[in-house]
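Asker: Here is what each chain is made of, one letter per residue.
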Amino acid sequence: MMVEEETEQEVDAAISVYGADCTVICRFPPHLLVRLQPRTANDVSQQFVEAVLMIQANSKYPEEPPMLELKDTKGLEDAKATRILSDLRDLASDLASNPMLVAICEKALDSITEMNQPDGNCCFCIEPLVMENKFTIMKLISCFHCFHSECFIRWWRWMLQGRGLDVSDLFLALQLEEDKDSVASCEKLLEQTEVNCPVCRKAIHPHDLASVWGALFVDNGQEDEIVPDAEVIFSKSERERKAKFDTLFKVQQDRGGIVEPKKLEVIVPGMFVSVPSTRATESGSGLATASFELPESSSLSASAVECESSQQDNILLSQGRQHVLGAETISDNGRIPKSGGRGLNQPRVRYGRQVNRGGTRRGNWVRRDRGTGLNE
Amino acid sequence: MSSSSPKGLSRIAANRLHKELKEWQMNPPAGFKHKVSDNLQRWIVEVNGAPNTLYENETYYLQVDFPENYPMEAPQVIFTHNPPLHPHIYSNGHICLDILYDSWSPAMTVSSICISILSMLSSSTEKARPVDNDRYVRNCRNGKSPKETRWWFHDDKV
Ligand SMILES: [Zn+2]
Ligand SMILES: [Zn+2]
Numbered sequence: 001m002m003v004e005e006e007t008e009q010e011v012d013a014a015i016s017v018y019g020a021d022c023t024v025i026c027r028f029p030p031h032l033l034v035r036l037q038p039r040t041a042n043d044v045s046q047q048f049v050e051a052v053l054m055i056q057a058n059s060k061y062p063e064e065p066p067m068l069e070l071k072d073t074k075g076l077e078d079a080k081a082t083r084i085l086s087d088l089r090d091l092a093s094d095l096a097s098n099p100m101l102v103a104i105c106e107k108a109l110d111s112i113t114e115m116n117q118p119d120g121n122c123c124f125c126i127e128p129l130v131m132e133n134k135f136t137i138m139k140l141i142s143c144f145h146c147f148h149s150e151c152f153i154r155w156w157r158w159m160l161q162g163r164g165l166d167v168s169d170l171f172l173a174l175q176l177e178e179d180k181d182s183v184a185s186c187e188k189l190l191e192q193t194e195v196n197c198p199v200c201r202k203a204i205h206p207h208d209l210a211s212v213w214g215a216l217f218v219d220n221g222q223e224d225e226i227v228p229d230a231e232v233i234f235s236k237s238e239r240e241r242k243a244k245f246d247t248l249f250k251v252q253q254d255r256g257g258i259v260e261p262k263k264l265e266v267i268v269p270g271m272f273v274s275v276p277s278t279r280a281t282e283s284g285s286g287l288a289t290a291s292f293e294l295p296e297s298s299s300l301s302a303s304a305v306e307c308e309s310s311q312q313d314n315i316l317l318s319q320g321r322q323h324v325l326g327a328e329t330i331s332d333n334g335r336i337p338k339s340g341g342r343g344l345n346q347p348r349v350r351y352g353r354q355v356n357r358g359g360t361r362r363g364n365w366v367r368r369d370r371g372t373g374l375n376e
Numbered sequence: 001m002s003s004s005s006p007k008g009l010s011r012i013a014a015n016r017l018h019k020e021l022k023e024w025q026m027n028p029p030a031g032f033k034h035k036v037s038d039n040l041q042r043w044i045v046e047v048n049g050a051p052n053t054l055y056e057n058e059t060y061y062l063q064v065d066f067p068e069n070y071p072m073e074a075p076q077v078i079f080t081h082n083p084p085l086h087p088h089i090y091s092n093g094h095i096c097l098d099i100l101y102d103s104w105s106p107a108m109t110v111s112s113i114c115i116s117i118l119s120m121l122s123s124s125t126e127k128a129r130p131v132d133n134d135r136y137v138r139n140c141r142n143g144k145s146p147k148e149t150r151w152w153f154h155d156d157k158v
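Residue numbers (full-length UniProt numbering), protein chains in the order written: chain A, 1 to 376; chain B, 1 to 158.
Some hints here could point you the wrong way.
To be verified - Within a straight-line C-alpha distance of at most 27 Å, the following computed DSSO-like cross-link-like pairs (lysine-lysine) qualify:
#1 B:K19 - A:K74
#2 B:K19 - A:K80
#3 A:K71 - A:K60
Unchecked claim - Pair ranges (Cβ atoms, derived):
#4 A:A203 - B:A50: 31 to 37 Å
#5 B:E58 - A:N196: 49 to 55 Å
#6 A:G164 - B:I44: 31 to 37 Å
#7 B:P28 - A:I25: 43 to 49 Å
#8 B:N27 - A:L190: 33 to 39 Å
#9 A:M67 - B:N48: 53 to 59 Å
#10 B:N48 - A:E63: 49 to 55 Å
#11 B:K22 - A:E194: 33 to 39 Å
#12 B:A50 - A:D43: 44 to 50 Å
#13 A:G120 - B:K35: 25 to 31 Å
#14 A:A20 - B:E58: 33 to 39 Å
#15 B:N48 - A:S59: 51 to 57 Å
#16 B:D102 - A:E191: 36 to 42 Å
#17 A:K74 - B:P28: 26 to 32 Å
Think of the hints as simulated: they come from the structure by calculation, not from any bench.
The beta-carbon is built from N, C-alpha and C at its ideal position, and this holds for glycine as well.
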């Protein structure tokens with residue numbers, strides 16, 4: 001009887017420590033579910049892992065350590081979950097015959113806090129999510145799947161396009177309502193678009209889009225430059241659309257300037273900002289700017305120059321990303337073309353940024369023949 | 001001006017395919033061989049029927065063509081030469097498999113497609129063409145891509 005009493009006190013202790021995160025299925029023998037969130041979890045945007053620890057003891061507890069399982073894991077690779085569990089089981093057998101419930105939970109919380117970082121690769125580009133100073137990361141709230149924000153946004157825009165939706169029309173419709181609440185706007189947006197997580201196909205939550213709200217529409221109007229998505233931006237229809245947008249944008253601005261590039265600074269929540277970048281030239285690593293075939297200033301278009309001065313700093317400061325902005329205009333024969341002209345030899349303007357891909361250096365200004373897709 | 005991007009692929013697509021190829025070389029899906037070529041945009045993949053299935057000891061070839069906007073857009077995947085006799089594989093090599101069309105997601109890879117195709121082969125209980133084979137193949141005569149087909153997916157067991 002003594003044992004049972006002591007054990008129930010242990011359960012009470014767990015309840016008082018973990019409150020609503022602790023669900024008691026049975027007081028004796030103890031059977032508990034404890035929600036494990038990293039200790040930093042009050043900042044939702046900084047939470048990348050989550051799990052539920054199940055502790056199920058039999059009547060011989062604490063002589064016999066309880067059975068331990070991790071359930072509903074999110075953002076944890078299997079290997080990591082397995083490691084946490086085996087550590088917990090070791091601890092449980094070390095503590096046999098002693099009160100151990102809270103000790104196990106604490107250890108589990110420590111481990112999950114330690115492992116609180118986006119794991120694995122971005123499913124779009126198959127590059128590691130966490131690359132030194134390279135990308136901002138976004139996390140979907142419902143499933144914790146993470147992507148490079150840039151990759152996700154490119155895909156989202158592609159999905160809209162495939163559904164015949166015009167991004168700038170949507171944007172204007174939302175802006176004109178002067179809805180300052182981006183989550184509410186995203187809700188409206190999602191009602192029209194219905195996009196699911198590319199990994200698990202769970203519905204995307206309005207908060208997910210809100211976390212990148214500032215960047216979703218960024219290549220509309222003046223900010224084309226930071227989305228290296230030439231195929232979308234420079235199609236004929238896109239040029240027409242952009243011209244239309246520019247006109248409307250001007251009207252908006254004259255009316256009181258609703259749309260400002262500074263929007264980028266409000267990328268919260270869900271936005272993971274990596275360590276602020278150090279300039280490549282200082283580190284002398286493979287990032288040296290010199291290794292990139294940046295265009296001569298003579299070939300920079302006027303808009304690119306403008307963009308460098310007016311927007312680059314904003315972007316760098318607000319997102320901690322290392323951008324090298326610029327544009328080049330080349331024709332298919334490699335000469336700098338005169339403006340205008342369409343057709344096959346149509347000059348192309350491309351934008352991009354510096355990407356260092358694990359050791360191999362690849363210039364950013366890779367020429368791309370505007371080849372036909374399979375369906376042409 | 002470097003021009004490491006193959007013709008017809010966006011820079012993003014080319015980077016992604018380089019990655020996939022590297023990953024494939026380190027960790028190829030069981031039962032498949034990538035036929036080495038310098039064409040990043042068209043992969044030829046050898047498929048070996050799994051042991052203890054109707055296709056044991058048989059070899060087939062998949063041709064995987066990547067669109068400019070891969071992986072936003074699905075690759076075109078067909079069997080070449082003599083396509084396996086299977087209720088979802090047409091005699092012109094077209095494959096009725098949802099992930100190649102409506103259910104494509106950029107999170108899928110050539111490797112995951114191959115695994116799905118092999119599992120489709122392995123679970124087959126009869127070696128036969130789809131019932132509408134002749135009509136469909138006649139329809140595709142002028143080189144239509146399977147991606148232009150409106151597929152009906154009514155059977156997720158085979
Ligand atoms: Zn990515
Ligand atoms: Zn997901």
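Asker: Using the C-beta atoms of K22 (chain B) and E194 (chain A), is the stated range 33 to 39 Å upheld?
Answerer: holds (35 Å)
Asker: When you take the CB atoms of K74 (chain A) and P28 (chain B), is the distance between them in 26 to 32 Å?
Answerer: holds (30 Å)
Asker: Could one say that the CB atoms of N48 (chain B) and S59 (chain A) fall in the range 51 to 57 Å?
Answerer: holds (54 Å)
Asker: K19 (chain B) and K80 (chain A): Cα distance at most 27 Å?
Answerer: holds (24 Å)
Asker: With 31 to 37 Å as the target window, see if G164 (chain A) and I44 (chain B) comply at their CB atoms.
Answerer: Cβ of G164 (chain A) to Cβ of I44 (chain B): about 35 Å, so the range 31 to 37 Å holds.
Asker: Within 43 to 49 Å or not, the Cβ separation of P28 (chain B) and I25 (chain A)?
Answerer: For P28 (chain B) and I25 (chain A) the Cβ distance comes to about 45 Å; the hint holds.
Asker: Starting from the hint 44 to 50 Å, judge whether the C-beta atoms of A50 (chain B) and D43 (chain A) obey it.
Answerer: holds (48 Å)
Asker: Should the hint that N48 (chain B) and E63 (chain A) are 49 to 55 Å apart at their CB atoms be regarded as holding?
Answerer: For N48 (chain B) and E63 (chain A) the Cβ distance comes to about 54 Å; the hint holds.
Asker: Does the hinted range 33 to 39 Å hold for N27 (chain B) and L190 (chain A) at CB?
Answerer: holds (36 Å)
Asker: Quick one: are G120 (chain A) and K35 (chain B) within 25 to 31 Å, going by C-beta?
Answerer: Check passed, 29 Å falls within 25 to 31 Å.
Asker: Given the hinted pair K19 (chain B) and K74 (chain A), is their Cα-Cα distance within 27 Å?
Answerer: Roughly 26 Å separates the two Cα atoms, so the pair holds.
Asker: Could you say whether the range 31 to 37 Å given as a hint is met by the Cβ separation of A203 (chain A) and A50 (chain B)?
Answerer: Taking Cβ atoms as reference, A203 (chain A) and A50 (chain B) lie about 35 Å apart, which means the hint holds.
Violation of the numbered hints given earlier is confined to hints 5, 9, 14, 16; the remaining hints are satisfied by the structure.
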